[in-house]
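> In case you want the letters, here they are:
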Amino acid sequence: MRKQYLLYLLAAALITLLPSCKQTPVYKALIITGQSDHDWKVSSEAVKQILDETGMFSTVIATSPGKGEDMSGFNPDFSGYDLVVLDYEGDTWPEKTTGSLAEYVENGGGIVLYNAKSDPGGASADSITVSERHDFEIRTTVSDHPVTKGLPVRWLHPYDEIIQGIKFAGEDVQVLAAAFSGNPFSGTGRREPVLVARNRGQGRIFATLIGTPDGKENQALHCAGFIVTLQRGAEWAATGSVTQEVPFDFPTAAGAVLWTDFKGMTPEEIFENIGNYDIGKSTKYFTLLQSQIRKAAGDEKKLLKLEKNMVDVLGNDEASDDAKKLILRELSWMGTDYCIPAIKALASDPELSDDVEFALTRLQ
Amino acid sequence: MLQKTSRRIFVRRSAAAAAGVFILPNIVPASALGLGSRRPPSDRIVIGAIGTGSQGMSNMRDFLDLKDAVQFVAVCDVDSRHLAEAKQTVDSANRNNDCRTYGDFREFLEKETLDAVSIALPDHWHGIIYTEAVNKKLHVYGEKPICRTIKDGQTIVAAVKKNNIIWQTGSWQRSQAHFHRGAELVINGRIGKITYIEAGLPDGGGGIGTPPVQEIPPEMNWEMWLGPAPKVPYRGVSHWNWRWILDYSGGQLTDWAGHHIDIANWGAGLEYTGPVEISGTGVYPMEGIYNVPVEYDFLCRYVNGIEMRVANASILEHGMGTTWYGEKGWIHTDRGNVLTASDPKILEEVIGENEIHLYKSDNHWQNFVDSVRTGTQAIAPIEPAYRAISVALLGEMAMTTGQTIYWDPVNETITGNERASRLLSRPYRNPWSLPTV
Numbered sequence: 062m063r064k065q066y067l068l069y070l071l072a073a074a075l076i077t078l079l080p081s082c083k084q085t086p087v088y089k090a091l092i093i094t095g096q097s098d099h100d101w102k103v104s105s106e107a108v109k110q111i112l113d114e115t116g117m118f119s120t121v122i123a124t125s126p127g128k129g130e131d132m133s134g135f136n137p138d139f140s141g142y143d144l145v146v147l148d149y150e151g152d153t154w155p156e157k158t159t160g161s162l163a164e165y166v167e168n169g170g171g172i173v174l175y176n177a178k179s180d181p182g183g184a185s186a187d188s189i190t191v192s193e194r195h196d197f198e199i200r201t202t203v204s205d206h207p208v209t210k211g212l213p214v215r216w217l218h219p220y221d222e223i224i225q226g227i228k229f230a231g232e233d234v235q236v237l238a239a240a241f242s243g244n245p246f247s248g249t250g251r252r253e254p255v256l257v258a259r260n261r262g263q264g265r266i267f268a269t270l271i272g273t274p275d276g277k278e279n280q281a282l283h284c285a286g287f288i289v290t291l292q293r294g295a296e297w298a299a300t301g302s303v304t305q306e307v308p309f310d311f312p313t314a315a316g317a318v319l320w321t322d323f324k325g326m327t328p329e330e331i332f333e334n335i336g337n338y339d340i341g342k343s344t345k346y347f348t349l350l351q352s353q354i355r356k357a358a359g360d361e362k363k364l365l366k367l368e369k370n371m372v373d374v375l376g377n378d379e380a381s382d383d384a385k386k387l388i389l390r391e392l393s394w395m396g397t398d399y400c401i402p403a404i405k406a407l408a409s410d411p412e413l414s415d416d417v418e419f420a421l422t423r424l425q
Numbered sequence: 048m049l050q051k052t053s054r055r056i057f058v059r060r061s062a063a064a065a066a067g068v069f070i071l072p073n074i075v076p077a078s079a080l081g082l083g084s085r086r087p088p089s090d091r092i093v094i095g096a097i098g099t100g101s102q103g104m105s106n107m108r109d110f111l112d113l114k115d116a117v118q119f120v121a122v123c124d125v126d127s128r129h130l131a132e133a134k135q136t137v138d139s140a141n142r143n144n145d146c147r148t149y150g151d152f153r154e155f156l157e158k159e160t161l162d163a164v165s166i167a168l169p170d171h172w173h174g175i176i177y178t179e180a181v182n183k184k185l186h187v188y189g190e191k192p193i194c195r196t197i198k199d200g201q202t203i204v205a206a207v208k209k210n211n212i213i214w215q216t217g218s219w220q221r222s223q224a225h226f227h228r229g230a231e232l233v234i235n236g237r238i239g240k241i242t243y244i245e246a247g248l249p250d251g252g253g254g255i256g257t258p259p260v261q262e263i264p265p266e267m268n269w270e271m272w273l274g275p276a277p278k279v280p281y282r283g284v285s286h287w288n289w290r291w292i293l294d295y296s297g298g299q300l301t302d303w304a305g306h307h308i309d310i311a312n313w314g315a316g317l318e319y320t321g322p323v324e325i326s327g328t329g330v331y332p333m334e335g336i337y338n339v340p341v342e343y344d345f346l347c348r349y350v351n352g353i354e355m356r357v358a359n360a361s362i363l364e365h366g367m368g369t370t371w372y373g374e375k376g377w378i379h380t381d382r383g384n385v386l387t388a389s390d391p392k393i394l395e396e397v398i399g400e401n402e403i404h405l406y407k408s409d410n411h412w413q414n415f416v417d418s419v420r421t422g423t424q425a426i427a428p429i430e431p432a433y434r435a436i437s438v439a440l441l442g443e444m445a446m447t448t449g450q451t452i453y454w455d456p457v458n459e460t461i462t463g464n465e466r467a468s469r470l471l472s473r474p475y476r477n478p479w480s481l482p483t484v
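These protein sequence lines are chains A and B, in that order. If you're matching positions, the first sequence starts at 62 in the numbering used here and goes up one per residue. If you're matching positions, the second sequence starts at 48 in the numbering used here and goes up one per residue.
Incorrect hints may have been included.
Under the rule of at most 20 angstroms between Cα atoms (straight-line distance), these lysine to any residue pairs were calculated in the SDA-like manner [claimed, not checked]:
hint	chain 1	residue 1	chain 2	residue 2
1	B	LYS278	A	LEU413
2	A	LYS405	B	PRO277
3	A	LYS356	B	SER468
4	A	LYS369	A	ARG423
5	A	LYS109	A	HIS99
Calculated from the structure, these hints are not laboratory results. Only a predicted model underlies this, so the values are computations on that prediction, with no experimental measurement involved.
Using the sequences and the hints, build the whole thing.
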């Protein structure tokens, strides 16, 4: 009996700890870089960080000989990896190396082509152009593929080039997302592929054609849409399925979302910040809160936890009026008896009295 | 209070035999109704306008384009610039300087003696002003969606029924031949029993972030513009762009429900009922004061087994418009004279004399005027308008709560969901309240 009790305690402790500590990486990833017409040092480091951020991948970078140097000895051992990421565009590899990469994928390996203007599957690079840099809308064209399942149909991607004219060889190629490349930005006037998936042999290839560094702020690399689709594409290429959830701040047609350090917010961070909510500065904490509420639908325990967090903000003298107003609005439909005393306590505040009445009218 | 679908269809079928006489006033020669000859001004319908922004002025011009049909005498708006433009339009049509102007609808309704009123306002004002106008026994041409909440809608429907006035919703697609034809083919079973419908409405657009608080323009009575909605500082969003903020509107979804969902209901015989089960998801902007869904996709199940999917157009195979799917094929209709079918031969089918003939009108504003003159129901009466927007509002609730909503379309209540039930109304800010009927 006593032993069992201890076991419960241990399990409870583990469950509490799990969300805050990262899972041990289980997949080994190799990024190959060293030649490109963009700054491959910046991009390969970013891609490594993005993959490692999932907690699933442990990533190393291999650098090829420089442009014009002897390539004959460049022959990484792919077989020890679950995923090979190519951030490479330059001199041709020795046949042996491309042969072993092909063998790797045929035997079940996963490949991610990052910002690929050339396709080891055989596309010609001659007809490929890039548009001028601009913000553009990406459309999810296949919504039932593991990589794109749950993504909005349309989302904005900031300040990037559209790579134009790539033709991916192979019958089973699926264009998962595309962007219209308009004429004002040296576009083709056509829809160009942005995310592409292909099964090959036992393995899988995922290509992302966005996220080109610009030498300045690198908004395209910090786009949550680029980051999340790369993470999902990498998991799919490595395993054939995707277990990561689409984050609640994935960009939409209404606006792009930038993740400054390549990662999104946790629910805990939302509540840390929501007290400072100021509509003039940012509405994101509140939007994230709403999405948490929707996700918790039907789960009274989770909803009550959120309600308690919200009530804490109402009782916090430091929290802004904007934050309290929006929380009152949300509680007006999802609150329980628990929140009513905290709402009534604000009734004498002239800044909040309208919003208090709004909430109480609905709740009582 | 409201009849079930099956009952309503029965009534329609029996009425159809006598249709020309009783429910289709424009089949009767106009001269028989005294409409043929030129009317003196004293015979014209005396009308006023509340809300003279872009849609209000568009409706006013459509009324003025009719030959000797109406006489505008007064206009009302909270923006004095809009008001002055409206007065100028009316005075120029009347060749005088007599059009009276009001900044407060209460004074307008109190002082004016009118036959009818044309109303085009942001949705959050519809509940109060439609009900007040109807309570004054005015005939109303009212813009869709007729309400921002189910409760507002129920009140307006009750007021129209009690006061027995002529109501025309601005769902003008009903008065276009190809929408009418599509709906009539469907209701007469030309694609077999209907199993599934898609209503494709426009995608939501980009945001504007959060503009700084601005000085209220001198022509604008901001307090009155907000009215029953929560008090917020002026950030430059009022005319037209109110549609992207949930306090005033549900976005493209609620704007267009009164068109493509209305047409869907018309053809499928669902215009006097509602769905029983609604579930779906929306995509909401992350940043900025525009907070209506930019994507939405929900499924409604009706008691007779029909399913209706409502979504932003880029998600759907046929895009914008209404597509009915029956056991024998499909029919799709949209603006720009679009009327297509799984087999083009379906579109050539003749509707027999003893089949259902849907109400026919070829001019939505003329139809209102004729209905007021003859005391007959207009082509877009109040309850179908309420039923069309209800679909969107129930979808909005499913998206807001993340839950399946169970709706009782007869008693008009939500079953077993206290949280969603709270969303049936929006509390009004003091001193405003929904008028009693």
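> With reference to the structure, classify each hint as holding or not holding.
Verification of the hints:
Note on LYS278/B and LEU413/A: the hinted pairing holds, with a Cα-Cα distance of about 10 angstroms set against a maximum of 20 angstroms. Simply put, LYS405/A and PRO277/B have alpha-carbon atoms about 18 angstroms apart, close enough for the 20 angstroms limit, and the pair holds. About 19 angstroms separates the Cα atoms of LYS356/A and SER468/B, which keeps this hinted pair within 20 angstroms; it holds. Distance check on the hinted pair: LYS369/A and ARG423/A sit about 19 angstroms apart at the alpha-carbon level, within 20 angstroms; holds.
Between LYS109/A and HIS99/A the alpha-carbon distance is near 16 angstroms, which keeps this suggested pair within the 20 angstroms criterion.
No hint from the list above goes unmet by this structure.
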